Every structure is written in structure tokens, then in C-alpha cells.
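Engineer: For this one, chain B is given, so just place chain V on it according to the hints.
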Amino acid sequence: MTATITKVPIRPKVRDRHHRGLSRWVVLAGVTVGALVMLVPFAFMLLNAFKSPGDYSSGGPLSWPTQFYTQGLRTYWSEVNFPLKLWNSTLIAGSVAVFGVIVSLLNAYALGIGRVRGRLWIVGLFLLANMLPQEALIYPLYYVAKEIGLYNTRLSVIIIFTVIQSAFGTYLLASVLGTFPRALLEAAALDGAGKWTVLWRVVFPNLRPTLAVLLIFFFIWTWNEFLIPLVMLIDNQTQTIPVALASLQGDRLMDAPTTNAGALISLVPAILFFLIFQRTLARGITAGAEK
Amino acid sequence: MQRFRRIVAAIALAATATTTVAACGGDDSGDDSGAKTLKLWHYEGENSAMGVGWDKAIEIFKTEHPGVEVRFERKAFEQIQQNAGMIINSSEGPDIMEYNKGNATAGLLSSQGLLTDLSGEAEKRGWAGKLSPSLQTTARYSDKGVMGSGNWFGVPNYGEYVTVYYNKDLFDRNGVTVPTTMAELTAAMDTFVGKGITPLGMAGAEYPAGQLFYQLALAKADRQFVDNYQLYKNPVDFRADPLKYGADTFADWVRKGYVAKDSSSLKAEDMGTAFIAGKTPMIVSGSWWYGRFKAEMKANWDTFLFPGNTLNAGSSGNIWVVPTNSKAKSLAYDFIDITLRPEVQDLIGNNGGIPVAGDPAKIADPKDRKLIEDFNTVSKQDGLAFYPDWPVPGYYDVLVGGFQALINGSKSPDQVLDTIAKPYADGVKEITGK
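Chains B and V are the protein sequences, given in the same order. Quick note on numbering: UniProt numbering labels position 228 of the first sequence as 228, and the sequence is numbered without any gaps. Quick note on numbering: UniProt numbering labels position 45 of the second sequence as 45, and the sequence is numbered without any gaps.
Bound-form chain V, shown alone:
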């Protein structure tokens, strides 16, 4: 027994020793003007819009910086998602990398001092002028790591937003035209229901349900609400509009059969493949599906903006960040600058992505152009409202649980609003200390 205690004590001592040693880990920032390599990481697929665009950016970078070796590695999303903090806190990390925008990711790392402040470069190189205010929201973080204000810690290259995808063939066959108002949309859905078709694809087990709720709520919302909800400017009342309207309307849509009751257990992938297979006339989801639909769908399809909304769920895409431990910061800034140039941005657009600083006139495919023009419309009217699960950590699961109950009818809209209100309030309290 005596021995055992001694062993435990020794282990505890060793553990504390290592953590204190680690805490003293050096932060050496030196001059890197002579850097000869640029270690660059991102996690976009080789054939995706961003993958193609950034390959081009690397090529341009190489011609403009002869003698600099670019060591590019394509990483797994999960690896960056889980370990970014550990990776860039070591000397083995990259000089520049793609990272997830948002409070829980880029915000957290910036507040820990792991990311380089890019404000000076953004000013000098005019990045601020190229990005609309709602795109800049995800680039700037306060000293507490809350997005929306403060210094620049990341630079977005592409945008994403929630829109409506529709199957043209199904619309034509059932005599439905593209709706431009909410009333037309419900009329269109009534037509489908009358013919025995569930008009709207849904996936209760993942993000689509929360996003539809948010999208519906945004119909009655203004920028002030978004600031309150996302940036904690003022307390949010879940029992009042716009959130009440969102939940009530959602429940109404389920009751009328616009959304299938048994979709509560489906995953986003199921919703997407059902749309590709031509079984669903419409889905309300993000532009991240666009490339896949374009490559895989045989039926005719297109997109239209959620009718009647000025505000739409959406944001900038992931951002380029420069770790504090980067050994080639000035080269990293040069690279970011190249990714914002028209030739790279247009390439992203022509491959089904949404460039943040592109020219729609340069986009060849009409469907691509429509997607980008719609995004620009939203972005120009300051209409990107981010995503419903962003405000507090762990809120994604809360929303999924709440709206699963709403779809399968086990809870009333008011009950759902109550269940999602409390974790929100607790989470905000933890972040703001109020």
C-alpha cells in the first residue's frame, strides 16, 4: 500500500512537471524576410472549386517568388478540426492554412494568441475593400474571440449561403412555376401535396432542420436581431417573433404535409441523394451541395433565393489564417493576396464555387452565374445572417434535438422554443459573463 501511494505520488508529480514545462514553451517571433519555403495546408478536395482555384494561386505564387519552395499538403478536415490548436502551437505546423471560421474555431485560437493579427496587411493591401461587411464579420474577432469586431485574423476567399434547389422537371410536370413570394411558395407546395408528392426534402437528424427554422424566422427579422442572436448585442426572446414565427411556421409546414413527418430521423446525405434521384421537388440547403448536384444529377434543376427574405443563412467560407508560429509570414500574406485576385476568384466561380471578389460577368455557365449573382445580392444588402448553431458551443445538437421533436410532433412549437432557449442563454452567459 505504501509503495502504491508512492507510485501514485510520483506519477502525479511527473504529470504536473510536464505541464509546467509545456507552459513555458517558447514563443519566438523573429524576422522571416529570408524564408525560402512556404508550408501551406488546406482541406478542400482536389477537384472542388476552391481546390482548383488555390492550385492556380500556388502556381502564380511560384512564378512571382522564384526560389521559394511551396510545400503544399492536403489535410483531412477532421484532423484540422480536432487538432488545429495543438498543431499550430508546435514548430511543426504550417506557415499558412485554411481554417474554420466562427467563434469556436478561429475565434478561440485567436483569443489564445495562436493566430497572427492581419489588420495591418488587410489595410495595406486593400482586403477590407474587397469584402462586404457581412463577409468581414467572420474575418474579425474581438480579444475574447467573438466574431464581428476587432482585429483581422482570417481572410475568406469564398462564400456560402442557404438557398432553394428545385427540380425543374418535377416543377414542369406538375405545372408549378418558380415562386417569388412566400405566398407563391406555399401555393406551389400545396399543388405538390395535392398530387401526393412531399414538396420539401428535409433531414431532421442533421443541420437542415435548424437551417429551415432559421430561414423562416429570418423572414420576420432585421439586422438588429441577427446582431443580438449571433453577436450577443442584446438578449433574445425565444417566445417572441422572429423565432416564434419560425417555429410556428415550421410546425405548420409539417402539419400541412410540406415536410414529411418521417424525415425526422434522416441525415443530410439522405436528403441530398433523394433530391439527386429526382424524388424531391425542392430542398432548402446550402451552396455546398452545388458542385455535387452539378456533377451527379441527371434531371434539370436550378436554384432560387428563399422567397421574401432579405436575410439568409450564410457567411463567408473558411478563412486563411497565419499561425503565430509561422516562419514565413510575409510570404503567407503574399499568398493570401494572390487568392483574392480576379483570375483566382473567377476560376473558383467557374468551378461552381462562390468567389467573394469575383465578377459574375466572367462566369460562363448560366447556372453558376445565377448562384453567384444571388449570393452577391444577399451579400450586398448585408443579408448574410450566419447559421443558427453558431452562437454557443454545442448548440448544434440542441437544435437537432429540438426540431426532431417538432417534426415528429412530440413537442409543440412553444415547447421546442423553450428547450432551445435555455442552452442558448446559458452559453451566452458563459461567453459574455453577463
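With the rest of the complex left out, here is chain B:
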């Protein structure tokens, strides 16, 4: 019985493939062109990262380097004390990702499943917090941080971004949990599960793929943040990678090859992180589609 069922749909699929032959190639070509366009800036960065400043100035950004020049990479690595910045960035982005997801989950549980009164307003408020430009938040954040003695500490940035990221996370998860199957919750309640048990035993396992995606997004978003770390972290000991990268840019002069080299080194951790977790990412994004 099952054999016939599975066999039947295969045949039209095979025929379909031949029928759509041309359009498939068009789509493939489109995707390839799109991917190449996306890769062009990276190619430029790679090309110029290994070029000497003189080479860059006389040949321009498009020329092929006359020598394999690694001084830019080494200068950047040692001048900004890259391992320390890497640790700072990892610590901040990692903590924000974890805390942000936890806070988002707890908020969304109350809003989406708990259905507290006025949840629409609360979600709206969260969204508003997320949409506010960071420039508008800077001064209040600075004053509060200064008054409570957290200015120039990594903790201040972790707290700020946990709140900002979880605003988005709450909004997203609350709407996901709004459609959570009621039957499942009622069944759990009948079995005598309390709110806490329902959260960890029923809701959390079902949400895991979505949470993993949130975790990764929070990490990468926080990793790339510039303005708030720039303002809050004034010591070289506490700074993150994007801030370190900015130190290569001078008042009136720029050092394009070293900046490219710095960008290259700074990009590697984020790419590695993405490659390691990209399976989770793909699974999480498609998780909702299968329903």
C-alpha cells in the first residue's frame, strides 16, 4: 500500500523536471549571477588585503598586487591586539545571544501563551524600542551607565544589547507562540503540568529550532554593532572588533590596504561561526514551512 503511494507521485515529478528544464536553468543562472554580485566586495577586500600601500596608491584598487604583502595583516593584528578584541567581541556577542534568547522566550511565553492583558500594546512597545534609532538612545544610556558605575564596562554593552535584541525576539516569538496549538497546552495541563513545566517540557522543545536561529542572529547582529560599543567602551582593554577596525581610519587619511586586511581578519570569526551553525540555521528557517 505504502509502496504504491510513494511510487505514484515520483513519476509526474520526473516528467516535471524535463518540462521545466529551461526555467530551471534560468533560475540557476540568476542565482549564480546574484551570488557573484554578492561576492564582488569580498573579492576586492581579499585582493587589497594583500597589497602594499604603495602598490594600492599607484595601481588603484583593481590592479593585481605586484607582491604578496602580509605586513598589513600583521600590523593590524599586533597594533590593535587582536586576540584581546576577539575575546571581548566573543564574550559580548555570546552573552547577548544567550541572555537575549532566554529573555525573549520568557517574555514571549507570557505574551503569547499566558495572554496577559494589553499584550498588543506591550508587543507594540517592544517593537518601538527596536525601531528607535540608536543615536536617540545613546545619551540616556550613557548617563545611566555613568551614574550606576557601568560606563566603560563590557557588562553595560551586554545588558543594553540583551534588551535591544530581546525586543525583537519577544516580538517574533510572541507571534509564533500566539499560534501554538492549544490542544497541546491543554493536554499538558490535564496531566497536571504547571506553567513552568509547560514552558520547559512542551513549549521549549517545540521552539528549539526557532530559538537556535534567534541565537545565531543575535550573535551576528551584536558582533557587528558599532555605535553603542564605540560610545560605551572607551578603554582599549574592553573594545570590540568593529571599534578596533575603526581605529585604522584617520582624520584626513585612510590606509586602504591595512583596512582591508583588518576587515579580512575581523570577518573570519563571523564566517566561521556562520559555517558551524549554518545547518541549524537552515533547519530553523524551514521548520515553520513544513507545517
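Everything labelled a hint here was simulated from the structure, so no lab data went into it. Note that the coordinates shown come from a computational prediction; the quantities given were computed from them, not determined experimentally. The reader is advised that the hints may include incorrect statements.
Derived pair list, reagent style EDC-like, types lysine to aspartate or glutamate, alpha-carbon separation capped at 16 Å [claimed, not checked]:
#1 V/LYS279 - B/ASP55
#2 V/LYS294 - B/ASP55
#3 V/LYS298 - B/ASP55
#4 V/LYS367 - V/ASP302
#5 V/LYS294 - V/ASP365
#6 V/LYS294 - B/ASP255
#7 V/LYS267 - B/ASP255
Output of the computed footprint for chain B on chain V, the stretches with three or more beta carbons under 8 Å from beta carbons of chain B [unchecked claim]:
#8 270–282
#9 293–305
Virtual Cβ for every residue (Gly too), placed ideally from N, Cα, C.
Structural biologist: Same frame as chain B, now just chain V:
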């Protein structure tokens, strides 16, 4: 709805509460004679002239102050530019730092009471005697934060000015000699144009266009004009000379092909790299390029002062300031004093910088010496005229927009002068209240 209103009210209340708390933030100035650390920040590159000179200054400071720890950090220019006010208003800031000169930066912070008045030290240690009057302009700020008069809030270490860089090889190949008058300069440019070469590199999208305009205007200007334009002593008429002459001549140069029409969208970096690559015979730009050209350019090149001008765009470099919250003020003064000593100043000069109190005879490289001697010539005849975008906040973009239109020919010189006159007048009104 009721709930929502209550939430909004609570947030508004919390916000005002925090700002009032912040406003009460303490200013504690105490005795710091026993300070054992000096927290020092600057944002010059490690191998730049100032970076090398100040490393030496730190070394000297350490030998003269055994037992004092120097906590030096190299900062990002952008970080200081954007947040200096916030940083030095906290207890986490440095005891001494490099900061941008000018009304919008050092002037603003001094008027907010965030910088220490250095007048007494300048008198006692003789800093005033080492710096020429036009260098002192950027060190002193009035109580409104306008440079040029009042107390000392900063001490410059190096100078910068706009000069002409030329490619010797291109000059020789085309039979052009170094011009010493404006007539010779235009003749030289005609020669290049005749051979199909655009003689003057330009970048309309950034500062070079405004600086060339200013440089041309200064040919017909005197110190009184500079005081009027930069220090608001008297109103400035944009439709009269020298500014009219500057805009007319600029338009003339574009028409004659001295400046390429398509340079209106170029950036300073493009102009610089074209010169390094040997494609442009001349550029009119600042001494900040010098070190880079020296390191990267293969063709022979040198500099000459803009022909015929007594006044030139230029000023002191960035300045050392001591925040009001500094916990080691007397050590900071000692450090500033060391940076003005001959051994540090000569080191700056020998690395391609322009020392403010150096001796050109001690400079080994002839090209370096020429750069410094030219600067000293300008500085001695009180010829530093600052930069065209300094007088009012946001004026940089106004100038860029105006001269982009002049280069691509979409506006006449008079129209350009009108567009840049209004924001100037508005800005000055806001600052002086007149």
C-alpha cells in the same frame, strides 16, 4: 488604553529623573600632586611623525618621573571625534589627551567647562614664547568657545598648511619649471593643457575644492579679512573680493581646463592616489599627505608654496588638552612641556611632520627641511589663515556642495557665492548672537 498611558507616563518620568540625576554629577577637583599614573591618549599612527615623536616624549617622561606609570592608549580618531565630551565628563577619561582644534571641538568642550585652563602653565613654562601668534589662535578660546582670544585650553605640537605638491618628472618631461608667481603658475598650467595633461588634481566631493577656493581668495586678502571671516570681527561680503576673486578665478581655471570638470565627484583619496601614480602634475593640498607621498611615491616630487600668497590655509595641528576631570594634572603639564622640547620636536620634523618649535637646521632630509622651512616662512609672517569650513558648524558640506556645482558648471561663481553666503551668515548669527 489606560494602562498604556500609565506606562508612557512612567517612562517619561524615569527619563527626566535620570537626566536630573546626571545633571547633579559631581565635579570634584582635588589635589593631585601624589598621582602615580598618567593616563594618556592620542590617535596618531604608530609610524607617523607625531606617533614617533610622542613615543620619545613618553620615554623621556618615564625617566624623569620614576615611579609614575604611563598608561598610554592609541585611540580611534572617530571615537574621540564623536564622544570626547562624554568620555571626559566621566571618571573613566584620560588625564591628558590629543584633541581636535577648532570652535566645534576644543572650543565647545572648553565652553562647557570640561577642559582645564592652561594659561598659568603657558605663562610659567614659556609655551607662549615658543608658538607664533597664528599658532596660538587655535590654543586659546573665549568663554563662548571661539578661538583666537581668551584662555589657553590646548597646546599644539605640530603644524599643517596647504601647499603645492608637484611631480618633478612630469615637470622636466614637459619643460616646466617651478613657478614663483601666479603668472608663472598659470603659464605652467597652460603648457600642460597644451600637451593634453590636466595640470591640477582636484576632488570636488571633499575638502580640496573648498581649500583651493580659499587659497585663491587669500591671494587678495589680508589678516583683517581672516579675522572677519574666521573670528567674526566684522561681517563678510561674499559678493566682493577676496571671496569673489576666489570663486571667479576657480571658475576660470575650470573653463581653461586646469581643473578637470569630471573631478567634481572625486574624493580626496582619488586625488592623492592619482598624484602618487604619477598621473597628475600638481595638487594643492595639505601637509598631511607628506608622509604618505614620501613612503609610497616612486616618481620624483617636491613641494612649493602657493605662488604669490602671503596668507595660506593652515593652522596648528591637533592640541594636547587636560580634561577638568584629570587626576594627574601636574604630570600632564610636565608631559606637554616635554613634547615641546627640541629633541621631540626635531624627531617629529625628521619623520616628515612639521614641528612648531623645531630647528630646520637639525632636519636631515632636504625635502623635509623644505616643508618645514616653508611652514616657518608662513607662520613667521603671520600667514596661517585656517580653513574655509571652520567658521560655522556644518559649513564643510555647504562648501562641498557649492564647489561641486562650480566645477561641473551647473552654477555661476556668483550663484555659488550666494549659496555659501547664507549658511555662513546664519551660523555666525547663532554663535555671536548678532
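Engineer: Hints first: check each against the structure and report whether it holds.
Structural biologist: Each hint tested on the structure:
no.: 1; hint: V/LYS279 - B/ASP55; in the structure: 15 Å, holds
no.: 2; hint: V/LYS294 - B/ASP55; in the structure: 14 Å, holds
no.: 3; hint: V/LYS298 - B/ASP55; in the structure: 10 Å, holds
no.: 4; hint: V/LYS367 - V/ASP302; in the structure: 7 Å, holds
no.: 5; hint: V/LYS294 - V/ASP365; in the structure: 11 Å, holds
no.: 6; hint: V/LYS294 - B/ASP255; in the structure: 14 Å, holds
no.: 7; hint: V/LYS267 - B/ASP255; in the structure: 14 Å, holds
no.: 8; hint: 270–282; in the structure: holds (count 5)
no.: 9; hint: 293–305; in the structure: holds (count 4)
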